[in-house]
Structure formats: C-alpha cells, structure tokens
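Colleague: Sequence:
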Amino acid sequence: MEVTKKLQKLSLAALIVSLLPLATLVPVFLKITLPDGVRMVWAICNIVLALAGLLLSVICVKSEESRSIVNIMSTLVSVVLVLMMLGIAVLALVLNVLQ
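Residue numbers (the numbering used here): 1 to 99.
FYI, nobody ran anything at the bench for these hints, they're computed from the structure. The reader is advised that the hints may include incorrect statements.
[Stated by the list, open to error] Below, a list of computed lysine-lysine pairs in the DSSO-like style, where the Cα atoms sit at most 30 Å apart:
1. LYS9 to LYS62
2. LYS62 to LYS6
3. LYS62 to LYS5
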C-alpha cells in the first residue's frame, strides 16, 4: 500500500516532467526571440527533462499494480518527445553529410 502511494506520486511527477518540455512553445506563441545562450540552455533542459520523464514513466509502468492512465500518458508523451529529438538529431547529421 505504501509502495503504491509512492508510485502514484512518482507517476504524477513523471507526467509533469514529461510535459515541461512543451513550455518551449510559450515564447513561440508570444513571438519572443530568445538569445542564443538562452536557447542552448533551454534545449539542454528539454533533452534532460524528456529523458528523465521517460525514465520515471518506465519505472511507474513497469509495475503492473501501479499501471494507470496517467502512467501510460506520461510514457507516450515522453516517447514522442524523445523520438522527435532523435529525428531532429538524425536530420541534422544527414544534412551535414550531404553538404
């Protein structure tokens, strides 16, 4: 019972951490241009948060007794973000090789 409550808190934290990289869209919608240094720090934070969200989500989903819709949603969001980041990295590498 105590473990289940800890996993519920962990699953909520995983969902929040998974959604934090979407805060990148706030300056875009407000049409704010960020300096290069801020964009670099923001990008690194997004990568770290996406990987941390994926790790926390997998820890929560691994246990059958704690598997819930919140865990599954945070896992899906994290997987999509990580795949998007990998796709952007591969595209950048391919474009560098082609030039």
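Colleague: Against this structure, judge whether each hint is valid.
Modeller: Each hint, compared with the structure:
Annotation: proposed proximity of LYS9 to LYS62 holds, straight-line Cα distance about 15 Å (limit 30 Å). Distance check on the hinted pair: LYS62 and LYS6 sit about 14 Å apart at the alpha-carbon level, within 30 Å; holds. For the proposed pair LYS62 and LYS5, the alpha carbon gap of about 15 Å is at most 30 Å, so the pair holds.
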